[in-house]
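Colleague: Each chain, letter by letter, is given below.
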Amino acid sequence: MRCIAFILIWVSLAAGVIAATTAYVWRLPPPGSEGQLQIGVAPDESPIYAVLAADAGRRTDGAPVARSDAALTPELVTELRAAGVQRVRVKTFQISRWTHFPQFLVACVGLLAGAILTRLSAARAASLAEAAQDAGDALGPDAALAALQQVTNALIADIPALGGPQAVCLAIADRIGVATRDLVPLIVDARGRLVARMGLGAYAGFMDVFAAGERNLNRAWSAASDGAEAEAVEALERASERLVVAQARLTGRTSSLLPLA
Amino acid sequence: MPAGTRDNIAELKAVIADLDTQLAGPTFDAVGAYPEELALAVSHVVSGSGGAPGAPAPVWSDLSDTKLGWARTPIWGYKDLQARLPDYGDKNATEPGKLDPRVDRNEDGQPDLVIDDDTVDVGRVLGLPAQMQFVFAIAPFALGAGFITGRAGLLVLAGGILAYFVVNPVVYSMGWLPATVAAKDAPAAAWQAFDRPLGIGLLLGGAMMGMVASLPAILAALKSIAGAGRITGRGGREELGLAPLVIAVIAAGVLLFLAADHVGNEPLNKGGLCPVTGLEVSCAVEPEQYGGYAIAFADEDAKNTWASGAASAEAADAKVWNAEAKDAYLTSMHAKRGLLASLNPHVRAGVIALVGVLWIWFAGIIISQCTGMTDWSPISGMALLTVVLVLLLAGSGSVMGAVLIGAALCVAITLAADMMGDLKTGHLVGARPIRQQITEMLTVPIGPIVTMFTILLIVAVNMKSFGVPLGPGTPTQAPQALALQAVIEGVQGGQMPYALYGLGAGLGALLGLGSFAGLGVLVGLSMYLPFKFIATYGLGCIANILVRAFKGPRWAEEWGVPFAAGLIVGESILALIFNIIILALG
Chain A
1 MRCIAFILIW VSLAAGVIAA TTAYVWRLPP PGSEGQLQIG VAPDESPIYA
51 VLAADAGRRT DGAPVARSDA ALTPELVTEL RAAGVQRVRV KTFQISRWTH
101 FPQFLVACVG LLAGAILTRL SAARAASLAE AAQDAGDALG PDAALAALQQ
151 VTNALIADIP ALGGPQAVCL AIADRIGVAT RDLVPLIVDA RGRLVARMGL
201 GAYAGFMDVF AAGERNLNRA WSAASDGAEA EAVEALERAS ERLVVAQARL
251 TGRTSSLLPL A
Chain B
1 MPAGTRDNIA ELKAVIADLD TQLAGPTFDA VGAYPEELAL AVSHVVSGSG
51 GAPGAPAPVW SDLSDTKLGW ARTPIWGYKD LQARLPDYGD KNATEPGKLD
101 PRVDRNEDGQ PDLVIDDDTV DVGRVLGLPA QMQFVFAIAP FALGAGFITG
151 RAGLLVLAGG ILAYFVVNPV VYSMGWLPAT VAAKDAPAAA WQAFDRPLGI
201 GLLLGGAMMG MVASLPAILA ALKSIAGAGR ITGRGGREEL GLAPLVIAVI
251 AAGVLLFLAA DHVGNEPLNK GGLCPVTGLE VSCAVEPEQY GGYAIAFADE
301 DAKNTWASGA ASAEAADAKV WNAEAKDAYL TSMHAKRGLL ASLNPHVRAG
351 VIALVGVLWI WFAGIIISQC TGMTDWSPIS GMALLTVVLV LLLAGSGSVM
401 GAVLIGAALC VAITLAADMM GDLKTGHLVG ARPIRQQITE MLTVPIGPIV
451 TMFTILLIVA VNMKSFGVPL GPGTPTQAPQ ALALQAVIEG VQGGQMPYAL
501 YGLGAGLGAL LGLGSFAGLG VLVGLSMYLP FKFIATYGLG CIANILVRAF
551 KGPRWAEEWG VPFAAGLIVG ESILALIFNI IILALG
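From first to last, the protein sequence lines are chains A and B.
Take 1 as the starting number for the first sequence in my numbering and just add one per residue.
Take 1 as the starting number for the second sequence in my numbering and just add one per residue.
Some hints could be false.
As the list claims (entries may be wrong) - To spell it out: a stretch of chain A is covered by chain B in this simulated footprint if at least three of its residues, at any positions, have a beta carbon under 8 Å from a beta carbon of chain B; those stretches are:
id	segment
1	15-29
2	51-61
3	83-93
4	109-115
5	119-128
6	211-219
What the hints assert, rightly or not - Here are the simulated distance ranges between beta carbons:
id	chain 1	residue 1	chain 2	residue 2	range
7	A	87	B	486	19 to 27 Å
8	B	77	A	31	53 to 61 Å
9	A	63	B	447	47 to 55 Å
10	B	555	A	143	24 to 32 Å
11	B	170	A	31	51 to 59 Å
12	A	40	B	407	35 to 43 Å
What the hints assert, rightly or not - A few chain B residues that face chain A, going by a derived Cβ cut-off under 10 Å, partial list only:
id	residue
13	163
14	168
15	171
16	178
17	179
18	183
19	193
20	195
21	426
22	428
23	487
24	493
No lab work stands behind these hints: they were computed from the structure.
From the three backbone atoms N, C-alpha and C, an ideal C-beta is built for every residue, glycine too.
Between the sequences and the hints, there should be enough to build the whole structure, so can you do that?
Modeller: See the structure below:
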């Protein structure tokens with residue numbers, strides 16, 4: 001379904017863009033109807049004709065039959081038709097003269113259908129992924145977040161027993177490096193599933209606090225790599241607090257970070 | 001020998017000796033050092049004629065060709081590789097002795113270059129039809145940006161292929177482009193006529209739909225910003241609160257109002273001639289408002305004549321300054337009435353400032369989306385739209401105000417794009433956003449100062465090398481300035497393709513309805529940018545996919561991304577270094 005939706009979207013888009021390029025292209029009227037290209041009447045009651053937006057026609061010497069900015073008077077229309085010109089590009093847009101308007105509408109319907117299909121396909125993929133997670137086939141965002149919390153908390157608990165600052169820094173850099181590399185993408189890449197499950201507003205609220213947690217993990221890793229033990233440990237503890245709130249928001253238990261104060 | 005002849009001969013000898021001295025002097029030495037071919041080329045540029053019959057007239061930039069001996073020690077360029085198309089002989093030539101036009105489009109008697117200093121024309125090597133442009137820009141920054149974007153950037157490439165390999169050839173073959181446009185010029189003509197306006201429309205529509213779809217997330221973000229000011233947990237606040245944001249918005253509104261009010265009240269004919277007397281306008285006479293414009297006069301009598309609608313002089317054919325004559329005067333000044341023409345000038349400035357602030361916010365979202373997804377930021381397109389918007393509101397004569405607000409928008413959205421990258425980088429190393437935000441605000445003034453210095457440097461180099469500060473005839477052609485001029489003239493002449501913007505916006509909005517809200521923005525971007533950059537960018541995306549497939553994602557991240565970032569930064573730095581060397585060595 002996803003594949004069909006994409007083909008439908010691109011074909012419709014191509015058709016729509018091609019149709020749109022003709023918005024300013026007018027077909028020259030048949031003989032006897034040259035005055036049809038009149039678009040208004042001046043205050044002195046003289047007719048106002050559409051004006052060419054680009055050169056029209058081509059003589060044998062390569063010169064245009066009519067230059068850009070020329071008014072499409074009946075005489076000029078007759079001359080252009082005699083030179084074999086069928087369409088001209090003008091400066092005025094009139095939907096009644098847009099010959100490819102129906103094609104444009106069809107393309108819009110195609111794009112709409114494609115959009116609906118992609119949404120259905122995304123919803124189906126999200127529910128399949130949820131089902132796979134429930135069946136324990138794959139590590140989903142909930143499990144990844146729980147694992148991330150577990151790694152962080154275990155590390156905080158281990159710190160007193162690690163010995164000197166160098167060992168602490170090494171442990172933080174090692175374990176947090178692996179956790180952020182392996183677990184964070186599982187949560188970030190599950191955007192579609194989480195949006196489908198939580199709604200965009202709640203997902204944004206979750207990501208807000210999760211991103212703060214991830215940022216603190218990054219800071220812990222960064223500080224540990226620089227040998228700044230105190231800063232690394234502090235960032236680790238802050239990350240742990242944020243991840244607890246993130247977990248709560250993911251499961252819908254609470255939505256506020258304010259209690260941290 | 002007649003009397004006096006000896007004296008005349010002596011005088012003639014003295015003149016010849018003087019000429020010999022002059023010819024041996026430094027001035028004539030310098031002139032004589034330039035090859036004859038260069039002198040001829042200069043003559044052709046000045047006269048606007050081609051060298052060979054039928055050949056296009058050379059332009060100033062052609063003179064930098066090393067073949068003409070312009071520079072004695074030229075900087076090496078890709079053009080000097082002299083990689084040319086294979087010579088098919090003259091089997092399809094229109095005239096005997098000429099080369100096949102497929103390989104010698106510029107009719108200079110030799111096959112065209114495949115690689116010039118800026119591009120690699122793969123389409124011509126492959127023998128694609130002339131209306132299909134398959135050209136890669138020699139732009140390391142585009143390659144690097146494509147690599148960093150990876151698979152997601154393929155949508156941009158797909159949009160470019162759609163525009164340049166499907167839409168343009170179809171439009172050309174259907175005869176919807178002017179018949180005078182040759183196949184080889186079709187891509188450029190199509191880009192100018194509809195690709196770019198439709199692309200901007202797609203960008204707008206896609207961004208608007210993306211914004212609507214993201215409203216819950218935007219509200220959550222605002223809530224988070226508001227809450228950020230109250231979070232005082234371990235480590236203190238992480239982000240600036242809502243208060244600085246509100247203050248910044250109000251300050252921006254006030255500054256825009258002051259600018260719009262000041263510029264909007266400048267007389268339309270400031271420093272010019274009085275419409276009534278034809279004499280130079282006087283600063284001592286208070287301008288009169290008409291049609292949304294302030295009009296200056298030479299004296300009080302002229303002002304009263306204008307205001308009362310009386311005849312301008314005692315003569316029998318004197319002009320009567322009725323509404324029709326005043327409108328005709330505005331038309332002669334390319335000043336159409338704006339949508340807000342009937343408002344009080346200060347109220348009008350207030351409305352323009354308000355719209356400006358909202359538009360800058362919306363444009364900031366568009367730019368942030370584009371930067372976040374692709375690393376491209378269509379700043380010029382947004383600036384051109386701003387100019388159109390202000391000209392529509394204030395009137396087509398308010399060019400100064402429109403450009404001023406356009407410049408403000410450029411600065412604001414450039415910072416938005418920059419912040420996207422900075423915050424992302426900061427996130428990766430765990431930087432605290434509030435510190436980044438404060439630092440950015442404090443260091444913002446450095447940007448314009450460095451920019452002005454860089455422009456002065458470029459101008460100095462151009463003056464040394466080409467005798468022209470900027471623009472045509474130099475490598476810094478400032479095409480966006482010409483685009484801005486074209487847009488302003490388009491609005492003044494009623495030639496703006498508003499329908500194309502609208503139709504593009506409709507298509508962009510429909511694209512954004514799908515599960516990937518950014519699709520409209522990406523496709524719009526690909527139609528808005530020239531294909532040569534899209535092609536190189538796409539190459540970067542494909543390189544990323546291949547590197548991931550063969551070396552693994554980790555290798556791509558740890559080695560590929562830093563290398564790509566180096567390509568982006570290195571290109572600009574190298575250009576700057578070259579300019580400094582040229583300036584230093586003369």
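Colleague: All hints, please: hold or fail.
Modeller: Cross-check of the supplied hints:
no. : hint                        : in the structure
1   : 15-29                       : holds (count 9)
2   : 51-61                       : holds (count 6)
3   : 83-93                       : holds (count 6)
4   : 109-115                     : holds (count 4)
5   : 119-128                     : holds (count 3)
6   : 211-219                     : holds (count 8)
7   : A/87 <-> B/486: 19 to 27 Å  : holds (24 Å)
8   : B/77 <-> A/31: 53 to 61 Å   : holds (56 Å)
9   : A/63 <-> B/447: 47 to 55 Å  : holds (49 Å)
10  : B/555 <-> A/143: 24 to 32 Å : holds (27 Å)
11  : B/170 <-> A/31: 51 to 59 Å  : violated (29 Å)
12  : A/40 <-> B/407: 35 to 43 Å  : holds (37 Å)
13  : 163                         : holds (7 Å)
14  : 168                         : holds (9 Å)
15  : 171                         : holds (5 Å)
16  : 178                         : holds (4 Å)
17  : 179                         : holds (4 Å)
18  : 183                         : violated (13 Å)
19  : 193                         : holds (7 Å)
20  : 195                         : holds (9 Å)
21  : 426                         : holds (8 Å)
22  : 428                         : holds (6 Å)
23  : 487                         : violated (15 Å)
24  : 493                         : holds (8 Å)
The structure does not agree with the numbered hints 11, 18 and 23 stated previously, though it agrees with the rest.
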